[in-house]
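J.: The task is simple: from the sequences and hints, build the whole structure.
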Amino acid sequence: MRALGQSLLHKPVVPSFSARVIQWFSRYGRRDLPWQVADPYAVWVSEIMLQQTQVAKVLDYYARFMARFPTLAALAQAREDEVLALWSGLGYYNRARHLHRAAGLCLSRHGGQLPHTLEALLALPGIGRSTAGAILSLTGQSAQPILDGNVKRLFARHFLIEGDTNRSAVQKRLWALAEKHLPETGFAHYNQALMDLGANVCRRSGPRCDECPVSDTCQALQHKRVAELPQRRQKTGSPRVSMPLAVLIHDHQSIPAVFLCQRSSHGIWPGLWFVPVFESASQLDDWWKATGLPQGHAGEPITHVLTHRQLVLKPRVLRCATRPALNDQADAIRGRWVNVAELTQYAHPRALQKLLQQVGLRSDPNQARLGRS
DNA sequence: AATGCGGGGCT
DNA sequence: AGCCCAGCATT
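Position 192 of the first sequence, counting from 1, maps to 192 under the working numbering, and the rest follow consecutively.
Please note: incorrect hints may appear among the correct ones.
[What the hints assert, rightly or not] Straight-line Cα separation of at most 30 Å, BS3-like style, residue types lysine-lysine; simulated pairs:
no., residue 1, residue 2
1, Lys314, Lys354
2, Lys289, Lys314
3, Lys180, Lys224
4, Lys172, Lys224
If you are wondering where the hints come from, they were derived from the structure by calculation, not from laboratory data.
T.: Below, the structure written as structure tokens:
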């Protein structure tokens, strides 16, 4: 067009992150929801309800709730029973109790309305930083960032934030991003759009990157790592269990054999054969002494992950040229020597294989062939 | 049937 | 900083 414009804009410029988000909202965002109003009370109620339920279900409950408690004062004056009754079916009833309690506090502390500062909102039960930010920003009161689960996912992907998103260090980075990209104007639409994008476009599984207004700058998409973000903490618990083991091997007549015993029908690897397992290192020591075996040596611990626990296999290893004499103490655990070539018939395999590899025995289940590594 | 989820409260 | 909540969605 104009000469000036052409000279300055000879390269296409990518609009800012927030500009693209807002642009998307103006085209595709829902703007007809009943809580999309300037009333902080209405936004508050909806935000609490939406924390736990999908929009479709909230619509129904929200309408009934607001019909009965159209104002904060009406809610504050109600009995908790009645609030809970209207909440019935939404679940997470503590949130209804908090809502009710907070309404009472607004009456006594804030002249019957929700406070207008982040600090005062955060002091109310059931309102955390994200909900407080939503109340202030969606009503246009002040520019505050939000960070709900959907936005966390979007940010973690777009800005390639690695690490468990619930860890405080990661949360910090995400909040910093939320602050950094919050626009000075249009923040209400921007925040609303972020939540909608996170929920419906940047979905946990099956994200619709082709519909995303910021896919051009999405680092996870560029690196093909959308599916693996956000990272969650590794599954809870799976306690580490120490498993002292006696690994006895002999190479008599060049056919290696391992001392195995059958596991009970309960617990780990029921009925399968494995090297002798002991409750504790001292029990292993006692048994070892009682059998009259030579010292042996401690092998490297091996971690073996099961569904519900991590086994730390702690082998004590003895490898001899000939079959060592085991006195009747060995019988107490009903063990027997098994040629390595026959292991596959007994086999619980992966853990055993790892162990045997570690002491220099290689067992190949397909070839049933073994040798020194 | 089992697992994952997520904002906020609580310790 | 980390655990718990409690019920639905997802796998």
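J.: What's the verdict on lysine 314 and lysine 354, does the C-alpha distance respect the 30 Å limit or exceed it?
T.: holds (12 Å)
J.: CA of lysine 172 to CA of lysine 224, is that 30 Å or under?
T.: Given pair lysine 172, lysine 224 holds - Cα atoms ~25 Å apart, limit 30 Å.
J.: Measure nothing beyond the straight line between the CA atoms of lysine 289 and lysine 314; if it is 30 Å or shorter, mark the hint as holding.
T.: holds (17 Å)
J.: When you check the alpha-carbon spacing of lysine 180 and lysine 224, does it fall within 30 Å?
T.: holds (25 Å)
No hint from the list above goes unmet by this structure.
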